[in-house]
Amino acid sequence: MSTAKLRSAADDPAWVKAAVIGVAVLFVAAMLVAPLATVFTQALAKGLGASLQALHDPDALAAIRLTLTTAALAVPINAAFGLCASWAIAKHEFAGKSLLITLIDLPFSVSPVVAGLSYVLVFGLQGWLGPWLEARGIKIIFATPGIVLATVFVTFPFIARELIPLMQAQGTDEEEAAVSLGASGLTTFFRVTAPNIRWGLLYGVLLCNARAMGEFGAVSVVSGHIRGVTDTMPLHVEILYNEYDFVGAFSVAALLCLLAVVTLGLKALLERLQPQTGERGH
Amino acid sequence: MTIASVERASILSPVRARRRRSAIPGFGLTLGLSITALCIVVLIPLSAIAIRAAGMGVSAFAAAAFSARALHAYGLSFVASLIGASVNAVFGLLTAWALVRYRFPGRAILNALVDLPFALPTAVAGVALAGLYSSNGWIGGALAPLGIKTAYNQTGVVIALTFVGLPFVVRTVEPVLRDLAIDVEEASASLGADRLQTFARVILPALAPAWITGFTLAFARAVGEYGSVIFIAGNMPYKTEIAPLLITIELEQFDYGSASAIAAVMLAVAFAMLLAINLIQTWARRFS
Numbered sequence: 026m027s028t029a030k031l032r033s034a035a036d037d038p039a040w041v042k043a044a045v046i047g048v049a050v051l052f053v054a055a056m057l058v059a060p061l062a063t064v065f066t067q068a069l070a071k072g073l074g075a076s077l078q079a080l081h082d083p084d085a086l087a088a089i090r091l092t093l094t095t096a097a098l099a100v101p102i103n104a105a106f107g108l109c110a111s112w113a114i115a116k117h118e119f120a121g122k123s124l125l126i127t128l129i130d131l132p133f134s135v136s137p138v139v140a141g142l143s144y145v146l147v148f149g150l151q152g153w154l155g156p157w158l159e160a161r162g163i164k165i166i167f168a169t170p171g172i173v174l175a176t177v178f179v180t181f182p183f184i185a186r187e188l189i190p191l192m193q194a195q196g197t198d199e200e201e202a203a204v205s206l207g208a209s210g211l212t213t214f215f216r217v218t219a220p221n222i223r224w225g226l227l228y229g230v231l232l233c234n235a236r237a238m239g240e241f242g243a244v245s246v247v248s249g250h251i252r253g254v255t256d257t258m259p260l261h262v263e264i265l266y267n268e269y270d271f272v273g274a275f276s277v278a279a280l281l282c283l284l285a286v287v288t289l290g291l292k293a294l295l296e297r298l299q300p301q302t303g304e305r306g307h
Numbered sequence: 016m017t018i019a020s021v022e023r024a025s026i027l028s029p030v031r032a033r034r035r036r037s038a039i040p041g042f043g044l045t046l047g048l049s050i051t052a053l054c055i056v057v058l059i060p061l062s063a064i065a066i067r068a069a070g071m072g073v074s075a076f077a078a079a080a081f082s083a084r085a086l087h088a089y090g091l092s093f094v095a096s097l098i099g100a101s102v103n104a105v106f107g108l109l110t111a112w113a114l115v116r117y118r119f120p121g122r123a124i125l126n127a128l129v130d131l132p133f134a135l136p137t138a139v140a141g142v143a144l145a146g147l148y149s150s151n152g153w154i155g156g157a158l159a160p161l162g163i164k165t166a167y168n169q170t171g172v173v174i175a176l177t178f179v180g181l182p183f184v185v186r187t188v189e190p191v192l193r194d195l196a197i198d199v200e201e202a203s204a205s206l207g208a209d210r211l212q213t214f215a216r217v218i219l220p221a222l223a224p225a226w227i228t229g230f231t232l233a234f235a236r237a238v239g240e241y242g243s244v245i246f247i248a249g250n251m252p253y254k255t256e257i258a259p260l261l262i263t264i265e266l267e268q269f270d271y272g273s274a275s276a277i278a279a280v281m282l283a284v285a286f287a288m289l290l291a292i293n294l295i296q297t298w299a300r301r302f303s
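Sequences listed follow chains A and B, in order.
Numbered by our numbering, the letters in the first sequence go through residues 26 to 307 in order.
Numbered by our numbering, the letters in the second sequence go through residues 16 to 303 in order.
Just chain A, with the same shape it has in the complex (with noise of 0.2 Å):
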């Protein structure tokens, strides 16, 4: 790798360099590209019409527009947490930090289901706030809140956890300078460190997008499957693909795989934009 035209005497034969190579590709190929190309070979199996006409469908579109709006509103929760977060850890040195970022990652570590499980017995008709919530006529579980807060609890950790890296890495002395000249904490906010992390926000609010509009373990408990009302994208890829309507299941998925696809090339363009985003190991 180096740009040495000598051989080192770290390089590998040209054997070995081709077989680590190919093993390396078949593995992607047979793990990552042949699933991916099976999505959309099955939705198209019956033409790009029947496809589309699958995608038209008023169930269908319902789950697109609760899979939209829970994400739009679970991404700008976890951004505002991420941002207090980031600038509570990385900022400031206090007892507990430790302790602190371990259970920012907890979700990362909770089986999805049984996130679901827990919203359940705290939000249920027979948990903690079920009857309290139901003299109000307030639903929660088996509603569109339900989803959103299901969908909060798995990509919770997503954006505190690119921030607060990036944020420590880069110090507190540009903040400490713009408070002493007498900037006020918004102010600092908004001009010193907002356009330092601007692309590590990015990259964090990519990434928990499109955990967000995937989200299938979590929301599948709590959503109660209600056709055309809690269905959110992932689960209406289930229902159909349990009816054995495969074109519709696959012309559903292969719509998240496009969702998938364009967050990886959006995250290899904000990669090489700001070469240390995602790469913060050294």
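Simulated from the structure, these hints should not be mistaken for lab results.
Don't take each hint at face value.
In silico DSBU-like links for lysine-lysine, alpha-carbon gap of 35 Å or less [to be verified]:
no.: 1; chain 1: B; residue 1: K164; chain 2: B; residue 2: K254
no.: 2; chain 1: B; residue 1: K164; chain 2: A; residue 2: K42
no.: 3; chain 1: A; residue 1: K71; chain 2: B; residue 2: K164
Please arrange chain B on chain A, whose structure you already have, making use of the hints.
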């Protein structure tokens, strides 16, 4: 993504030696809001599971959490996750090596594709893998005449769990491999080691902490996975039923107690995994 690398970066970042009062305002407000949000979104709901399970009484809890069916489901989730993470440990290391050390056409595409499991909804991964590895799919169909069945059995569960854990090993090993000084390898070669010896005695020990971290993250992710598994697993009780699926089955029967008992066990496993990851990283920090 970089859950892995982010985690590594922030945990490994230098602790500031000097502690002093920061001149930067907004500490109380932002910390207060963060902790409030953490409590409302994560801690209070999760505590509901623990409280519900604790309120069941020991025998009822044990009957639900450690029934034969539940034990089988934990066993499958655990063993299949272990195999999936091991497959990823081997192929992830190779993929990271190819990405860092070699330049070849399509490298940028390979690099971007590695993150696909982070960006692709798990349900979509589930139906895609089921379509691909079942007997009428491209790969499943090709292996069926050889007597190899890759869907609706335990192999299918392993395939799905390999898929969801794929990026972790690659993304944790990659930065360490990139930072590994070439001159160490050259020194090893000049002292008479062949390439394999250099790899086993010089490179692998340097990569080990990151490699183990990646393996653990992939394993932790796989244990709780639901969406990508249920389509390819076949979901037969005592055979191909994973633990998260059992929770949803109990919920469908409105048996919140049993669901909470199983969830409490999984939550305990999640805490143990989180602790293990933190310990591994504390240990890894000694090497950096």
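Consistency of the hints with the structure:
1. B:K164 with B:K254: Holds, at roughly 15 Å.
2. B:K164 with A:K42: holds, 32 Å
3. A:K71 with B:K164: Judged against 35 Å, a Cα distance of about 27 Å means the pair holds.
The structure shown violates none of the earlier numbered hints.
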